[in-house]
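Visitor: Here are the chains, one letter per residue:
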Amino acid sequence: MTLAPILLLAAALFSMGIYGLLARRNAVMVLLAVELMLNAVNINLVAFEAAIRDSLATGQVFAIFVITVAAAEVGIGLAIVLMIFRNRQSANLDDFSTMSG
Amino acid sequence: MDWFDSGWGLSLIVFLPLVGALLIGLIPRSNEESIKQLSLVTTLVVAALSVVAAFRFDYGSSAAFQLDTTLSWIPSIGSNYHIGIDGISLPLLVLSAVVTVLSVIYSWNHWDEPRNPKAFLILILILEAGMNGTFVALDLVLFFIFFELVLLPMYFMIGIWGDKTPMVVKLGSYQLTTETRLYASIKFFLFTLFGSAFMLLAFLALSFEGGTFDIPALIDMGASGAFTGTFARLVFAGMFLGFAVKVPMWPLHTWLPDAHTAAPTVGSVLLAAILLKLGSYGFIRIAIPILPEEARAWAPVIAILAAIGIIYGSLACLAQTDMKRLIAFSSVGHMGFVMLGIASMTEVGINASIIGMVAHGIITGLLFFLAGSMHHRYHTRDMAQLGGNMKLLPKIGGILGFTAMASLGLPGLAGFWGEFWSLIGAYNPLSGLDVNLFRGTMVAGAIGTVLTAGYMLWMLQRVNLGEPSAKWEGHEMHDADRFELAAWAPLLVATVAIGIYPRIITGSTNDAVVALVARAFGG
Amino acid sequence: MMSDLLFRFAEEGAVEIGAGGALQEWAWLILVAPFVAVAGIVFFGKRMRYQGAELAVGMMAFVFVYGLILWVQTMTDHVVYENSVVIAQVSESLVFEWGWVVDGLSSMMYFVVGVVGLLVFVYALGYMRGEIRYTWFFASLSLFAGAMLVLVAAPNLAQLIVGWELVGLASYLLISHYWEDKENSTAGMKAFFTNKVADVGLIIGAIALSAAVGSFRISDILDAATHGEGGFSAPLFGSTVAVAGALLLFFGAMGKSAQFPLHIWLPDAMAGPTPVSALMHAATMVTAGIYLMARMFPLYQTIAEAARPYMIAIGAATLFLTGLLALVQDDIKKVLAYSTVSQLGYMMTAVAAGGYTAGLFHLFTHAFFKALLFLGAGSVIHSVHSNNMSDMGGLRKSMPVTFWTFVIGSGALAGVFPLAGFFSKDEILGTLDHEGYQLVMWIAIAGAFVTAFYMTRAVALTFFGEYKGHGHPHESERVMTVPLVVLAGLSAVAGFVNWPGVYTGFTEWVGTRALTMGDHHPEALDLRLAAFGTAAALLGIAGGWLLYGKDKESQQARDAFWIPGLYDAFKAKYWLDDLALGIVALVKGPSARFVNWTNNVIIDGIINTVGVGTRWLGKLVYGRFDQQGIDLAINAAAAGSGAAGGALRKLQTGRIQQYAGALVVGAVALVVGFVIFTN
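Chains as they are written, first to last, in the numbering used here: chain A, 1 to 101; chain B, 1 to 523; chain C, 1 to 679.
Treat the hints with care, since some could be wrong.
Result set (EDC-like, lysine to aspartate or glutamate): computed pairs, CA atoms no more than 20 angstroms apart in a straight line [claimed, not checked]:
(1) K650(C) x E49(A)
(2) K471(B) x D181(C)
(3) K391(B) x E229(C)
(4) K182(C) x D382(B)
(5) K471(B) x D322(B)
(6) K46(C) x D479(B)
(7) K164(B) x E113(B)
(8) K391(B) x D181(C)
(9) K650(C) x D95(A)
Hints in this document: simulated from the structure, not taken from any laboratory.
Construct all of the structure, not just a fragment, from the sequences and the given hints.
Guide: In structure tokens, the structure reads:
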């Protein structure tokens with residue numbers, strides 16, 4: 001099994017994630033895009049692990065870590081988005097520029 | 001009582017007030033009774049200790065420093081914690097401790113606005129530490145610190161509790177609108193600081209030359225002629241400025257009428273009774289014994305300034321309309337007698353100056369108490385509006401009459417001896433001084449006594465005698481209350497006692513003065 | 001009996017002198033008693049049954065009895081006793097002491113103070129009843145007596161000064177007793193102030209003399225002076241210490257003993273209640289100056305002889321000029337006051353001329369009849385409620401006791417034989433004659449004429465003619481008339497204690513303590529002088545009766561006998577009061593204001609200028625140098641940073657996706673960079 005198709009898949013996912021991150025205006029969609037990018041990285045980790053056959057299975061362990069962190073991140077992120085939406089009646093990121101200089 | 005003699009006694013006298021002030025600081029402001037009681041207890045204990053010191057004192061060798069101690073303090077500059085008293089400082093120390101107690105008693109229910117007993121009593125206690133410290137310090141640095149320590153509390157007393165009448169300083173087209181208390185307090189502070197800056201320079205110069213800050217050591221050096229020439233002249237000039245401002249001598253006196261008039265009653269009392277003495281005490285303790293030759297050279301100047309002060313102060317009194325200001329100006333005249341005694345550089349003269357200091361402290365202190373109490377009742381100090389005080393307030397009026405008599409130097413009361421002996425000193429000054437000049441100052445002093453009688457009687461006539469003005473009809477006047485009487489009685493008793501038996505003072509001072517003159521000018 | 005040399009303590013050939021015993025040792029009690037009484041009256045008087053007066057009278061009775069005993073003992077034993085307690089030492093050798101002297105001179109004074117004092121105190125019980133400040137009055141009166149006793153007991157000049165000034169204080173308190181009126185308190189001030197001016201002389205003189213011997217003890221000073229020791233010949237104020245010091249002491253005495261021109265306070269002192277005047281004029285105040293001159297007599301007889309002419313001149317001027325003023329007074333007390341001044345002139349002249357005994361004898365007799373006259377005048381005033389003789393007249397019927405005693409007093413004052421004044425005035429004339437002061441003697445005789453004249457005038461205006469006042473005058477109560485009678489008796493007989501040729505005990509009594517001195521005593525009555533004196537007195541009485549015996553309608557008309565120009569001068573009291581007031585006004589007004597002005601404008605001006613100048617300098621330094629100089633660089637740096645920040649802050653849009661975009665671009669750029677540069 002060759003590594004290249006898997007890496008391509010991961011690259012495609014990652015690019016889609018970047019696109020979503022930069023282009024989507026809805027905060028929820030941005031969060032989903034971030035998930036996409038994280039999972040692209042997970043695919044890479046597992047693929048490289050399988051290719052190298054590392055005895056400690058570092059790639060898989062790391063992937064599990066990332067999944068855990070991503071879950072937490074989504075939880076907190078969604079909560080923040082929810083609170084913002086409650087206060088501002090909007091999830092549009094362009095409306096949130098109070099930090100501008 | 002060994003602990004007492006080995007320095008602990010005097011140290012307690014100096015630092016107990018500070019401890020008391022600290023403790024009062026911990027009591028909440030609302031708990032007024034405890035604050036008053038604590039400060040009274042503190043000052044009473046200090047006064048009792050000073051009396052104990054007077055009993056422990058060996059009058060047989062009053063020329064030596066006793067109850068003394070020396071501890072290393074700032075070795076890097078050679079300054080030690082050296083304290084002790086001799087026959088000259090003992091009466092002043094006791095006076096200071098006792099007058100402070102009386103001030104606290106008087107304060108019990110007499111508060112100038114903005115009241116705040118806590119702050120006021122803390123200031124009194126700090127002031128006491130400074131005053132007592134100055135009289136026991138035997139190290140120039142220590143002396144200077146205590147000498148300056150009294151400035152701050154007095155500055156705040158005048159500045160916060162002082163006379164709030166608006167005033168305008170006019171200078172040509174320039175106008176400065178301020179309050180009397182602010183003007184007076186700043187004038188007092190800056191004037192004194194100005195003098196003490198030069199004094200500090202003189203002290204430093206002395207220590208560079210003599211290698212020590214220790215006063216007895218410097219006196220020994222001075223007596224053997226270690227300090228001469230331009231150096232000594234400049235050092236004496238510096239000390240002269242420092243002490244003369246504090247005395248005050250003409251023409252450096254103008255802070256005094258303003259400060260006295262503006263200060264709250266207790267402030268005026270402490271200012272007149274003790275603070276003025278720090279200057280003349282400095283002359284006797286430091287300037288003359290350390291620099292005897294310079295003292296001899298400066299004596300005519302001091303004598304002339306003193307004589308001018310006597311005449312000038314008395315004449316200025318005659319022009320006053322404000323009772324408190326009149327009493328303030330009378331201090332200029334009385335301290336003139338003290339300085340005239342010092343200027344004669346004789347045993348009689350210096351004895352005269354010390355008893356004069358004590359007497360002035362007692363009598364003028366009392367006068368300020370009375371002026372304060374009267375202001376408290378009449379709400380004016382303008383003598384044109386007063387009158388018939390004997391009818392309205394017979395007790396206060398009677399005491400005022402008695403004290404005014406004491407102040408004009410009535411024989412048989414304390415004020416007389418200082419003036420009389422000063423004149424004796426000025427009649428026969430230290431050999432080598434210009435006799436004719438000194439006799440001229442003596443005649444001026446004698447004429448000053450006449451003028452003093454004039455303004456005192458005039459004040460009594462305007463304030464005490466006659467029918468009360470219709471203005472006071474219907475006003476309920478309360479004569480002296482028990483706190484006032486308690487505060488004044490000791491002073492009245494002391495006035496009579498010293499007048500009848502001046503040995504109370506000279507028994508302590510004479511040997512020390514004789515030794516001082518002998519060491520300085522060759523007995 | 002000519003004794004040019006009395007003795008120095010117990011020199012050979014002199015009268016035997018006793019050293020005194022327990023009585024003399026305890027004599028300090030009479031000095032202390034009055035002050036104890038003062039304290040007792042002030043603190044407890046109001047609570048006592050008689051409001052403290054009993055304490056004063058009791059004290060005075062004690063002083064009288066003790067003084068009498070002392071004097072009797074002095075008469076018989078010639079005691080000289082002196083004791084001192086050190087109260088201060090102010091140099092290696094100079095000490096100050098309280099002490100008491102019991103010798104002829106001071107015993108005589110104790111007696112005079114005691115007897116006159118006691119009678120006056122008793123009289124005052126009636127006179128002052130119901131008056132304001134009754135208790136305080138007796139306290140002051142006791143202080144007055146006590147101060148005088150301190151003075152006459154003084155063995156040293158310092159204590160003498162103390163007593164001297166306390167006397168002045170007491171007189172101030174008593175003269176201004178009715179201080180509700182400004183006039184009265186001004187009179188008190190005038191007395192105190194005039195005395196204080198004179199005290200300058202006393203104090204400087206005492207210091208000068210004492211410094212010459214290094215001791216304030218009078219006996220030391222006199223001892224040195226009479227033996228030519230001490231530094232008395234050193235120069236002082238253009239003369240020697242001895243002469244200048246003696247004259248300065250005399251100047252002090254001029255104030256207290258009301259010598260011309262310092263007498264101006266005494267007539268005004270009448271503002272006080274009458275008992276005060278009696279005490280003051282007889283015993284406790286004006287005699288002090290004469291006493292001092294007598295106490296220092298040996299000094300004036302020896303090294304300070306040069307001072308005598310001045311003293312005699314002043315004394316003579318006093319006795320004559322002030323006597324004339326009594327001629328035109330309407331106030332009966334002022335007549336008596338000027339007569340006192342005039343009589344003090346006699347005493348001073350006598351003592352200055354060398355008549356130690358003569359001066360003291362006159363002091364002694366004068367004390368009785370002057371006290372009598374004042375108390376009599378007081379009795380009249382008490383009855384008619386006016387001081388002015390124009391409100392009196394015809395009182396001899398309604399007030400017989402007062403009238404007769406007053407007449408006896410007037411006769412004694414005028415020098416009518418055999419009343420007391422005759423003998424003492426004769427002694428003075430004799431001394432002046434013997435010492436060669438003929439001119440002064442004639443002035444004194446002329447003065448006697450004037451004395452008799454004005455006393456006759458006073459008696460005539462008060463007791464004869466028609467009553468012109470209001471109400472019905474009546475004789476005073478017993479407590480007042482008894483002292484009058486006693487004093488009248490004393491005035492009648494006091495002269496016999498020194499009747500030349502018959503009995504001269506007084507000379508010996510007061511002489512027991514004198515050091516070397518020449519003192520003239522006539523062997524018998526000098527009939528020539530006695531004739532002159534008596535003739536002058538009788539002429540005066542006749543003249544006075546002629547002019548004033550009959551009632552005239554107005555005071556002006558009564559006194560119109562006088563030469564108009566002089567009359568005005570007398571009425572204006574020689575304008576001396578105006579002069580004194582002018583001087584006081586000058587000191588109190590312009591010069592005091594000038595000094596105050598220099599203080600507030602010149603000296604404070606400098607101080608304020610320095611203060612304001614410093615403020616201005618501060619503003620300059622702050623504004624120009626600090627704010628616009630040093631701070632400029634700092635501010636420029638700060639402003640630059642601010643501007644840069646302002647420009648850069650625009651990058652912060654607050655849009656998170658733009659940041660993320662920038663992140664991606666950055667990351668891509670880094671990756672591209674790595675790829676390019678690592679190969």
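Visitor: With reference to the structure, classify each hint as holding or not holding.
Guide: Consistency of the hints with the structure:
1. K650(C) x E49(A): violated, 45 angstroms
2. K471(B) x D181(C): holds, 18 angstroms
3. K391(B) x E229(C): violated, 56 angstroms
4. K182(C) x D382(B): holds, 18 angstroms
5. K471(B) x D322(B): Holds, because 18 angstroms separates the two Cα atoms, which is no more than 20 angstroms.
6. K46(C) x D479(B): holds, 18 angstroms
7. K164(B) x E113(B): holds, 9 angstroms
8. K391(B) x D181(C): Roughly 13 angstroms separates the two Cα atoms, so the pair holds.
9. K650(C) x D95(A): holds, 17 angstroms
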